[in-house]
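Undergrad: Mind docking chain X on chain E? Use the hints.
Chains as they are written, first to last, in the UniProt record's numbering: chain E, 1 to 201; chain X, 1 to 201.
Note that these hints are calculated values from the structure, not bench results.
What you are looking at is a predicted structure, and each value in this text was computed from that prediction instead of being measured.
It cannot be assumed that every hint is accurate.
Copies of one chain are not kept apart here, so a pair can be met inside one copy or by any two copies together.
[Stated by the list, open to error] Here are the simulated lysine-lysine pairs, DSS-like style, with alpha carbons at most 30 Å apart:
{"id": "1", "residue 1": "19", "residue 2": "56"}
{"id": "2", "residue 1": "37", "residue 2": "56"}
{"id": "3", "residue 1": "56", "residue 2": "38"}
{"id": "4", "residue 1": "19", "residue 2": "37"}
{"id": "5", "residue 1": "19", "residue 2": "38"}
Protein chains: 2
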Amino acid sequence: MQKRVAGPEIERLIQLLAKLPGLGPRSARRAALHLVKKRESLMQPLTAALEEALDKIVICTTCGNVDTSDPCTICSDPRRDGHVIIVVEDVSDLWAMERASAINAKYHVLGGTLSPLDGVGPSDLNIATLVDRVRNGGVREVILAVNATVDGQTTAHYITDLLAGTEVRVTRLAHGVPVGGELDYLDEGTITAAIRSRTTF
Amino acid sequence: MQKRVAGPEIERLIQLLAKLPGLGPRSARRAALHLVKKRESLMQPLTAALEEALDKIVICTTCGNVDTSDPCTICSDPRRDGHVIIVVEDVSDLWAMERASAINAKYHVLGGTLSPLDGVGPSDLNIATLVDRVRNGGVREVILAVNATVDGQTTAHYITDLLAGTEVRVTRLAHGVPVGGELDYLDEGTITAAIRSRTTF
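Isolated chain E (complex conformation):
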């Protein structure tokens, strides 16, 4: 028999925290206790931050980015090159691209990849809106920055086929050795791709 030790309030908090990615039942208990202990310094600010996020955060109807305005900061930034759209699977990938600061383009967040086995078809992703953006003109290049997984590549091929009738240039990220990476730890596919795309030193 599991005795009732704490009120249902903390049990409910633990259950909800356990739904966050990266937290299981045990770490959710630790997180809940940590919050209770750091009431002023963490629990109150986190509650306020969540309230504010609930109140203000929206999904950009143009690109699918998460922001406090729609269209988002990136879509409405006139300094961004609107001729280039980088297609990513998820907002976290958009953030990763932005951290790299490699290009000053706009984005399109698919919200996942095509995955017939999981029942994810084209209509479940933001693919139609991407085609609309391209058809509306002004786009010269679509960079498919999807993950180098089977589902990611399937999605990339599907989008390439859809955009075949347009004037837009469809590109993908280069494969190769990660910067700082050690050959010994790389798979054969990556090494083969790096050899094939070798450049003059």
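TA: Below, chain X alone, put in the same frame as chain E:
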């Protein structure tokens, strides 16, 4: 240059989530995005649960447990054996003891262990309140259920010395092979303890 991609609201949420144990900067970003995506099913309930927890959760002034009443459910339960106090380091240890349902006793949460190197002395822990509870009478046994670490054992010895002048019996948890554990993976100290405390089969 790191460009500003999202509003400060989501940045603040990520920073606060990253302070939870078990979440780093990267998993906090994933958790924040997950919350934004699961706005109705997770973000709103979690915000409400935090608000309710902030409103209701208190620390029991008798035993240090986390609950919605002071004294807590355990301290005010007449069916609990008040003659036995189980001393634990943290509320998570109290919960672990309760999950085992091994004993129907009351508790005392120290809030940590003595750790001279980290500047944690007896006055930083709930040790004086434990001595008070014992001196007030009615307690026959104090079970030191602290962790089997150096700091835990130091704390156990310190409390034993403090209670030496009282009538109370001070015990500690048995050392031995964990149930379901494999000898091959156990340290020498545990095997030695298990041999020394062997029982008739």
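Undergrad: Against this structure, judge whether each hint is valid.
TA: Comparing the hints with the structure gives:
1. When the C-alpha separation of residue 19 and residue 56 is checked against a cutoff of 30 Å, the pair qualifies both within a copy, at 22 Å, and between copies, at 22 Å.
2. Taking the shortest alpha-carbon separations for residue 37 and residue 56, both the intra-copy value of 28 Å and the inter-copy value of 14 Å come in at or below 30 Å.
3. Taking the shortest Cα distances, residue 56 and residue 38 sit within 30 Å of each other both inside one copy (26 Å) and across copies (15 Å).
4. In this assembly of identical chains, the alpha carbons of residue 19 and residue 37 lie at most 30 Å apart whether taken from the same copy (21 Å) or from different copies (13 Å).
5. Proximity of residue 19 and residue 38 under a CA criterion of 30 Å is satisfied in both settings, with 21 Å inside one chain copy and 10 Å between copies.
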